[in-house]
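A.B. asks: If you count by my numbering, then the sequence shown holds residues 1 to 132, one letter each, in order.
Straight-line alpha carbon distances no greater than 27 Å define the calculated BS3-like cross-link-like pairs of lysine-lysine that follow:
hint	residue 1	residue 2
1	Lys106	Lys87
2	Lys87	Lys112
3	Lys40	Lys87
4	Lys40	Lys112
In case anyone wonders, no lab produced these hints; they're calculated from the structure.
These numbers come from a predicted model, not from an experiment.
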Amino acid sequence: MKQKQTIFLVVLLVCFCLMTFAGKALASGTWYYYDVTVPKHGGTNSTNNQTKQYNENHSINCSWVGGDYDLWAYLQLVDNTTVSDLKLINDNMYISWPNTASAGQKVHMTFKSAWYDHVHIESVGYWSPDTP
1 MKQKQTIFLV
11 VLLVCFCLMT
21 FAGKALASGT
31 WYYYDVTVPK
41 HGGTNSTNNQ
51 TKQYNENHSI
61 NCSWVGGDYD
71 LWAYLQLVDN
81 TTVSDLKLIN
91 DNMYISWPNT
101 ASAGQKVHMT
111 FKSAWYDHVH
121 IESVGYWSPD
131 TP
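Take the sequences, apply the hints, and build the full model.
C.D. replies: Here it is, written out as structure tokens:
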């Protein structure tokens, strides 16, 4: 009887630990799909607003950028205050970088073309206000 109780407690403890770690991993961030077309000559376009859950890095997982172009990506608050450095993105690129937004603030990812880009540029991928 004592051995069954010990085994039960060990199994219960292992399940609790697994749920705790898996829950933290799942709650650490959510990916949001984006498909934006950025205007030419230094134009910008943004994703929908999302709420930051943590005071940590944000991320982008860019599937592709149209043509043979690059775009600048950066995080902004809903009032369009920039809260991160600009990072150059292109096809199949993953980047995670710091920002000054706090947990609970609504943010969006903004994309900017170069002043010399003479076409509209589409980009598709995923972004997260918190690094998943």
